[in-house]
Each structure stands twice: as structure tokens, then as C-alpha cells.
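Next come the chains, spelled out residue by residue.
There are 2 protein chains.
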Amino acid sequence: MSDPQWFSELRKGGFGLTIRKDKVLVDKQTKYQHMEIFENEGLGRVFILDGCVMLTEQDEYSYHEMLVHPALLAHPNPEKVLIIGGGDGGTLRETLKHPEVQEAILCEIDQDVIDASREFLPFTAVGLDHPKAKIFVGDGIQFLKDHEDSFDVIIVDSTDPVGFAEGLFGESFYRDVKASLREDGIFVQQTESPLFDKNVYHNIYKELGKVFKKHWSYGAVIPMYPSGYWTFGMASNDIDPWLHYEQERADSLEDLNYYTSQLQYSAFDMPNFAKMLLQDIK
Amino acid sequence: MSDPQWFSELRKGGFGLTIRKDKVLVDKQTKYQHMEIFENEGLGRVFILDGCVMLTEQDEYSYHEMLVHPALLAHPNPEKVLIIGGGDGGTLRETLKHPEVQEAILCEIDQDVIDASREFLPFTAVGLDHPKAKIFVGDGIQFLKDHEDSFDVIIVDSTDPVGFAEGLFGESFYRDVKASLREDGIFVQQTESPLFDKNVYHNIYKELGKVFKKHWSYGAVIPMYPSGYWTFGMASNDIDPWLHYEQERADSLEDLNYYTSQLQYSAFDMPNFAKMLLQDIK
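Residue numbers (this note's numbering), protein chains in the order written: chain R, 66 to 347; chain U, 66 to 347.
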């Protein structure tokens, strides 16, 4: 398994994903993390941070569509959106499919991620150069503190809750998020795999519940993430994901490979193993 | 990637799953296929046929619950059930959770699969020794021809449609299935990954549509199958999956790790990539 021509993302028990590196494009230590981009015959461009697959050209749509559309369609008029992380641009690309959005601010801590995405991941980086996008390079936590009562939707598109991204999960961060949301604001965040990261998954919702009146978990199939099943946490004080949902707005979105109107409801029906992990959380 | 201590199931493009073989229990060529069973620290027992993961102790419940329960709960009174394939016993185990079932016949072509499962996969093989189970070793196609108008539900729990299992997919086989079903009978079958086996997936439904008045595709997360997302095809002449559905029957099922009452509906809401593959099929 030490063959340098293969990337492997293994779990502790000795199993996981392996991808052949057909052509290495980037392999560098940035100020914050180790970044790799390589090409694979089957998956296209593959983007790795600190040994974890962030996206592949073949399946990135699943993650980006399902992170963005349920929350934006839950909000009656998402004019101003903040994305923390997401330097590859995919979350911006999906956010800016919504004509209601007037301004989408991306706050990414790592300039190198933005630069490498512009050079090697044009299919997501297209979002970075949209006229309604504003790119801010800096710390997301500080950005929230500097922008109270400012956003209709806040999206956290981060790496796993270890290392420098750990601050983007937990009660203290969620209080900052809540303070930066406008009154009817909605928050959404990737919340790991309920199969392989049971404790992390459980704890995120426990912390969300300390700050927001309402929160929900929903899932999507993302083949190149561990277990192939990934979850997202949505939270708000007032708005349910279905309260203001208008199918017409969903139907007007273009180039959807994953999201459908039905999934605005059924993605929230989690398999029992995931439901059980949250059953003790208010 | 030729390290003999690791099993790998790779796709043509050079990526896939890899699992460390911590202890090899079975490695033999049967009359029909190559069979391996080994132990992995994280996944428990792992059962391989012809280089493809059939099940792991950790996640086999997803496949077996989702193959069985939607169809059995769709039928108003599934007294007599036929399972073609499924020699490991997991499908029998789930089938026999339904008190309506009076007799469940398993028709498995490979005696070696049954024997090895009894010895090394007790968590699924428990189904083989249930008092309502009858085990028949032989060819499923011939078994259907010998039993017309006999079953309320027929379940095909087979390997992929290549080699000797190919005969379990396609118009001719589906005509035999239909003839063996009682009037209100329901058929269900695993139907591969709509991400990695697009043509196979499409063709199965095209063939089902030639024989059955109604058919549906639904999905489940199965981490150790290619893409982590697997699908199932249900077909009938008269009964919709929801027409006779009684939540009380579902709620009375025990030890469910995956299936929930909500999934009887929402598992049928497929991601757009899968819906699109079937849009031209009646």
C-alpha cells in the first residue's frame, strides 16, 4: 500500500478508498494544510487536503448541490449568502444558480487553495469569478465577528473538524454564526459520515441544539467520501426547510445532477443507523 | 497494488475499494465461482465472490434490509416467498422477520456458498436454519419453470449480471418470474449502481418494463459496494409499493439498522443522475 502511484484514504480498521495518480498536478504544503491535485482516468481531477478527498471532477456535484440547494430553497429570499471555506469555488457556483442571491461572499483561509483551484479545477473555480461573488481571504470566525446581522444564509464548506477547521464546529462558533445571520437566517454545514464518524456526527448536532431552536440532518451519496454517504446539518431559529419551499424556484435551477424537488423532503429521511445516533438530542 | 495482504475491487478507471486481509478463512474455486472469506479489523468478516464484495459483517444489514422489507411490506399478505441466490442467508433472515411469511424457499445454485456461510458467516447464515426456511440447491431459472403461480414475493439476491448470473436479468427470465408469481405477486431484485454501471442499470429497467405493468427503482447506501450507492428494482402487475402499506407491520419488525417507515416512500426518490437514466423507459 506504499506504492507512490496510488493515493489511499484508509480508515483505522484497515479499509478505504484507493485512487491511481495518473498525473500529479499539485503536491505542496500550504501555510495551513497539505494540498494535492492529481488526475485519474476514471474520476478526472482529484483534490486532496491533508490526505482526505475534497472532491473529484466526477462526483463533486453531489456534495456541492446538496450542501447549497436545500438551504437556499428553504429561505424565502436568500439575497446575501456567506460561505466559509469552499475555496475550490463549487459551493459558490451552486449558490449563484439562485437568481435571488445578490451577493455571495466566500471567506477562505487558504489563498493557495483558491489559486490552485483557479489553475487546475476550472469546473468548480468558475464560481469564484462570477460577478456576484466576493472573495475574502481570511479567518471565518473573525469574519463572523465583524459582520453581525448580515446574512440570509451561512454555509460552512470546510474540511473535517480536526486541526484548524475544528473551530468551525461547536457551540462558540454556532453563537457567532447565529449573530451574523439576519432574523430569518439559515445555517448549513457538512456534518461528516454517520457510519464512520459516529461521535463527531452526534456531537455536531448536540452543539447545534445548544444554539439554534431547530436543526435537521439530511444525507447524500458522495462516492468518493468515506462510506459513500455524507450528511449535512441545517439549523435556524424560525424557518423549517419546507415552510417557504417553492417548487418553481427549484425547477428553475439548471444543470442539476443530484438535487431534485423530491429530495427537499426525502433527503431528511435518514437510514435508521443515523436516526438512532441523534435520538437523544433535542 | 499487488500486495497479497490487501483485497482491492477496482473500477476500470483506476480507483476503488481496498480492504486489508487480516485473516484469510476461505479461498477456493467452487463449481461456479471464486469464493473468498477473510477477516478485517474494521469490517469484520468479508465475503467475496469473483473479486466483488458480496457483504461485510459491518454493513450487510443495509443491503439485506433494503432488498427485503420494501417488497414484503408492499404485499398485503406475503405468505410464500422465493429467494433466488442469497446463499449467505441474510435475505432469508430479513424475510423471516415478517410473521406473515409461512414458507421461504431459498434456491441457491452453489452449495459451497451455503456451506461456507454456515461455517464463517453466522450473522447471516442464521436465516438458513429458521424453521420456516427451505433450502433448495439448484438452478433458479429451472426452479421457476417448475413452480408456476406459486409465490407472493420473488426476490433475486444475485451477483452482478455477468457470467452464470446473467440469466437472472432480462426479458426471458422476467417472464418466468411473472409466471411463478401469484396474481398479486411482487418481484424485487438488486439492480447495480447507477453511478458506475449506467448501461446495466438502464437495461434492467428496460427489460422489466417489457414484462411487468409497473416497476420502480429505489436506492440505499451500501458503503462496501462500488460507489456506496446501490439500487433495487421492484415490479408487479397490480400492486404499488404504497397501496397496501401498513406502518404497523413495519413498526413491528425488530433489529432494523437501515429500514424505516419513511424510507418505504423516500428511498424511491432517486438522485437526478439515476432518474435521468430511466427517463426514456415507460
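The set of hints was computed from the structure by calculation and includes no laboratory data.
Only a predicted model underlies this, so the values are computations on that prediction, with no experimental measurement involved.
You may find that some hints are simply not true.
Note that identical chains are pooled: a pair holds if it fits in a single copy or bridges any two copies.
What the hints assert, rightly or not - Derived EDC-like pairs (lysine to aspartate or glutamate); straight-line CA-CA distance at most 20 Å:
| # | residue 1 | residue 2 |
| --- | --- | --- |
| 1 | K340 | D316 |
| 2 | K145 | D211 |
| 3 | K86 | E74 |
| 4 | K145 | D204 |
| 5 | K199 | D316 |
| 6 | K77 | E122 |
| 7 | K347 | E313 |
| 8 | K263 | E122 |
| 9 | K278 | E122 |
| 10 | K263 | E184 |
| 11 | K93 | E165 |
| 12 | K340 | D320 |
| 13 | K77 | D87 |
| 14 | K197 | E272 |
| 15 | K263 | E106 |
| 16 | K77 | E106 |
| 17 | K145 | D115 |
Each hint tested on the structure:
1. K340 to D316: between (29 Å within a copy, 15 Å between copies)
2. K145 to D211: within (15 Å within a copy, 67 Å between copies)
3. K86 to E74: Both ways: K86 and E74 sit 13 Å apart in one copy and 17 Å across, limit 20 Å.
4. K145 to D204: Only inside one copy: K145 and D204 sit 19 Å apart there, 62 Å across copies, limit 20 Å.
5. K199 to D316: neither (26 Å within a copy, 50 Å between copies)
6. K77 to E122: Between copies only: 16 Å across, 27 Å inside.
7. K347 to E313: Classified as neither; 33 Å inside a copy, 25 Å across copies.
8. K263 to E122: between (28 Å within a copy, 18 Å between copies)
9. K278 to E122: neither (37 Å within a copy, 38 Å between copies)
10. K263 to E184: neither (36 Å within a copy, 31 Å between copies)
11. K93 to E165: Classified as neither; 38 Å inside a copy, 61 Å across copies.
12. K340 to D320: between (31 Å within a copy, 14 Å between copies)
13. K77 to D87: between (26 Å within a copy, 13 Å between copies)
14. K197 to E272: neither (32 Å within a copy, 48 Å between copies)
15. K263 to E106: between (33 Å within a copy, 17 Å between copies)
16. K77 to E106: between (27 Å within a copy, 8 Å between copies)
17. K145 to D115: neither (31 Å within a copy, 53 Å between copies)
Hints 5, 7, 9, 10, 11, 14 and 17 from the list above are not met by this structure, while the remaining hints are.
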